[in-house]
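Single-letter residue listing:
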Amino acid sequence: MGKYIVKRILITIPVLLMVTVFCFIIVNLAPGDPTDLYISENATEQQIAQMRASLGLDQPFPVQYFKWLLNLIQGNLGFSFASRMPVVDVLPSKIWATVTLMFSTLVVSYLIAIPLGIISARKQNGFVDNMITGVSFLGISIPNFFFGLALIYIFGLQLGILPTGGMETLGGNGGWLDRIQHLVLPTIVLAAFYCSNMIRYVRASMIDIFSENYMRTATAKGLKEKLILWGHGVRNAWVPIITVISTDIPKMLGGAIVTEQIFQWPGIGQWMISAINARDYPVLMAINLIAAVSVLFFNLIADLLYAAVDPRIRY
Amino acid sequence: MEEQLKFNPVSQKKIIEMEQLSQIQGISQNDDSYTKTIIKRFLKDKIATVSLIVFVLLTLIAIFAPVLAPYNPNQTVGFFEDAPSSEFLLGTDEVGRDVLSRLIYGARVSLTVGVLSVAIYAVIGTTLGLLSGFLGGFWDSAIMRLTEVFMAFPYFMVILVIVSLIGPSIWTVTFVIGILGWPMLCRLVRGEVMKVKKADYVQAAISSGYHTFQIAFKHIFPNVLTLILVNMTFGIATSIITEASLSFLGVGVQPPTASWGNMMSNAQSLTVLANQYWRWLPAGLMVLISVLSVNFLGDGLRRAIDGEVK
Numbered sequence: 005m006g007k008y009i010v011k012r013i014l015i016t017i018p019v020l021l022m023v024t025v026f027c028f029i030i031v032n033l034a035p036g037d038p039t040d041l042y043i044s045e046n047a048t049e050q051q052i053a054q055m056r057a058s059l060g061l062d063q064p065f066p067v068q069y070f071k072w073l074l075n076l077i078q079g080n081l082g083f084s085f086a087s088r089m090p091v092v093d094v095l096p097s098k099i100w101a102t103v104t105l106m107f108s109t110l111v112v113s114y115l116i117a118i119p120l121g122i123i124s125a126r127k128q129n130g131f132v133d134n135m136i137t138g139v140s141f142l143g144i145s146i147p148n149f150f151f152g153l154a155l156i157y158i159f160g161l162q163l164g165i166l167p168t169g170g171m172e173t174l175g176g177n178g179g180w181l182d183r184i185q186h187l188v189l190p191t192i193v194l195a196a197f198y199c200s201n202m203i204r205y206v207r208a209s210m211i212d213i214f215s216e217n218y219m220r221t222a223t224a225k226g227l228k229e230k231l232i233l234w235g236h237g238v239r240n241a242w243v244p245i246i247t248v249i250s251t252d253i254p255k256m257l258g259g260a261i262v263t264e265q266i267f268q269w270p271g272i273g274q275w276m277i278s279a280i281n282a283r284d285y286p287v288l289m290a291i292n293l294i295a296a297v298s299v300l301f302f303n304l305i306a307d308l309l310y311a312a313v314d315p316r317i318r319y
Numbered sequence: 122m123e124e125q126l127k128f129n130p131v132s133q134k135k136i137i138e139m140e141q142l143s144q145i146q147g148i149s150q151n152d153d154s155y156t157k158t159i160i161k162r163f164l165k166d167k168i169a170t171v172s173l174i175v176f177v178l179l180t181l182i183a184i185f186a187p188v189l190a191p192y193n194p195n196q197t198v199g200f201f202e203d204a205p206s207s208e209f210l211l212g213t214d215e216v217g218r219d220v221l222s223r224l225i226y227g228a229r230v231s232l233t234v235g236v237l238s239v240a241i242y243a244v245i246g247t248t249l250g251l252l253s254g255f256l257g258g259f260w261d262s263a264i265m266r267l268t269e270v271f272m273a274f275p276y277f278m279v280i281l282v283i284v285s286l287i288g289p290s291i292w293t294v295t296f297v298i299g300i301l302g303w304p305m306l307c308r309l310v311r312g313e314v315m316k317v318k319k320a321d322y323v324q325a326a327i328s329s330g331y332h333t334f335q336i337a338f339k340h341i342f343p344n345v346l347t348l349i350l351v352n353m354t355f356g357i358a359t360s361i362i363t364e365a366s367l368s369f370l371g372v373g374v375q376p377p378t379a380s381w382g383n384m385m386s387n388a389q390s391l392t393v394l395a396n397q398y399w400r401w402l403p404a405g406l407m408v409l410i411s412v413l414s415v416n417f418l419g420d421g422l423r424r425a426i427d428g429e430v431k
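Protein chains in written order, with our numbering: chain A, 5 to 319; chain B, 122 to 431.
No wet-lab data here; the hints were simulated from the structure. Any given hint could turn out to be false.
[As the list claims (entries may be wrong)] From the derived model, a few chain B residues whose C-beta atoms are all more than 12 angstroms from chain A:
| id | residue |
| --- | --- |
| 1 | Phe163 |
| 2 | Phe200 |
| 3 | Ile241 |
| 4 | Met272 |
| 5 | Pro275 |
| 6 | Leu281 |
| 7 | Glu313 |
| 8 | Lys319 |
| 9 | His332 |
| 10 | Gly405 |
[As the list claims (entries may be wrong)] If you want the footprint, here are the derived chain A segments under chain B, 3+ residues with CB under 8 angstroms:
| id | region |
| --- | --- |
| 11 | 83-91 |
| 12 | 116-127 |
| 13 | 181-195 |
| 14 | 257-264 |
From a predicted model like this one, the values you see are computed outputs, not experimental measurements. A virtual CB, placed ideally from N, CA and C, is assigned to each residue, including glycine.
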């Protein structure tokens, strides 16, 4: 196991390096020049050249890349052109906001999806199963910007029972009830997709498991139905569930962009949109990099967890 | 006639060729019946059939948009932000354009981006997947590492950044989705190839000394085709949502070109959302209906191929 962990981490290193190169290339695809933003229109050629030199933009790309990488290793993610603050200083509050939203989405999704998926699998092709699969199809098909707007319209504007956006009431006392109220709608929007996706996975893997020999053996032994389900069935469903967690996290980071924008949620996604509008390259690079690194990290964790939950998987 | 054939080696060869041809036709007849079975199973599935009809209708709307649209979608034809009336069935937008006409033209954008982008990544993903699975060794691990690099970036996030940096338009959106969407399909095809590779007829082809590429594309490709088709259908749904979301955020299809996503951009303002339902509800429903129909279509196809429907 220890050998496997080391080997798995070693494989990740070249991928990680490629990811940094990729990040750098993406952001340098941009045709515009960031100096346009903070130099007045009547700046002289010399002033522009000076500005470029001070930002390091006059050097060749490979040099810029290695300088960036060197800074990165030292934990320096660059300087936000737009806010004129180090990216590292702004980052924690944005990550905190996004992680809060993702965490509540995951909790809600799993609390709903696992029981529904199991019920669906047990009543396969019955009325309840058809209802659950139908609704979960709706969940993966509804674009989150449309669902978000519809929820704001119904609960925020028509009924007026939930806030239309933000993380807390401006100038409010910042109590936990207020925060939870702000969390409800964006969580529903994000969970609609993950929950539906999850239900489909749980259902499919439970159906597979029900047809396994050990399940038939357990039934033939005369074990109680509940014991078979929880002792044999659900235990074996962990592998696909872990896969979904590790593949859903990157999807969730992407999906959170639109949702955060609609609900004015001050997280990574909203920050990214404003960085795009301001052509704030260091912020874009930093966000992409952090997202990619966290995805690689979760993949690693998932691979290690497989071995932990399923004794049949050995490396 | 027969005499001639006996003594003419060229004709002899022709007979063999004809025999081979009839054999191939025999195989293709089998293929026909296989396709027929799938179609039969598919049509027994009510939801799948309905979604096929909806999708065909959407395609017809997209093709005949100039005939169906009551007004020029890009021209000011009425007052600003007018509520639905007999003159403008779905009202007008912020510069007095007819919402219904824009909705009809929007079908063109959605379907073009959806189908074209998936076609691009299906070609890339299938080719790389076949190569990876068939060649194995160094090429396999190189291609797999490449998919890991691509998949490390959250799909929507990286598309958003690249499109916004190279300049948003319907073609850049299509192209970027096409360039970035292939890794999942590539891995799927690779996995399937690994399975098929062990089959006797492929082993036979290898030992008969057929060229690698010939085996990959002639023997293995047809076997993974159904898998690719199902994956492509779901891919179209994802691409339609991706385009709509990008356009909604202002980094996709740019006005005046109408896209269902950019038609809803203004509803980010609460006053528009609260008072002018016609500027977000119809466009949102169109995205939902098209994505839902494509997803059900894909699921119906999958179940018909798997034989879940009898």
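These are the hints, each one checked on the structure:
Separation of Phe163/B from chain A is adequate, the least Cβ-Cβ distance of about 17 angstroms exceeding the 12 angstroms criterion. With a closest Cβ-Cβ approach of about 24 angstroms to chain A, Phe200/B is found to remain outside the 12 angstroms limit, as its non-interface label requires. Every C-beta of chain A lies more than 12 angstroms from that of Ile241/B, the closest at about 18 angstroms, which supports listing it as non-interface. For Met272/B, the condition that its CB be more than 12 angstroms from all CB atoms of chain A is violated, with the nearest at approximately 7 angstroms.
At the 12 angstroms boundary, the C-beta of Pro275/B falls inside the reach of chain A, the nearest C-beta of that chain being 4 angstroms off. Against the 12 angstroms criterion, Leu281/B falls within the reach of chain A, whose nearest CB is about 6 angstroms from its own CB. The claim that Glu313/B lies off the interface holds: its Cβ sits roughly 18 angstroms from the closest Cβ of chain A, which is beyond the 12 angstroms cut-off. The non-interface label for Lys319/B is consistent with chain A: the shortest C-beta to C-beta separation is roughly 21 angstroms, beyond 12 angstroms.
Non-interface status of His332/B relative to chain A is upheld: no Cβ of that chain comes within 12 angstroms, the nearest being about 31 angstroms off. Non-interface call for Gly405/B relative to chain A: violated, since the shortest CB-CB distance, roughly 4 angstroms, does not exceed 12 angstroms. Note: the region 83-91 of chain A has 0 residues with beta-carbon separation from chain B under 8 angstroms; the three-residue rule is not met and the coverage is violated. With a cut-off of 8 angstroms between beta carbons, the region 116-127 of chain A has 0 residues touching chain B; three or more are needed, and the interface restraint is violated.
Here the region 181-195 of chain A counts 0 residues with a CB under 8 angstroms from a CB of chain B, which misses the bar of 3, and the coverage is violated. Here the region 257-264 of chain A counts 5 residues with a CB under 8 angstroms from a CB of chain B, which clears the bar of 3, and the coverage holds.
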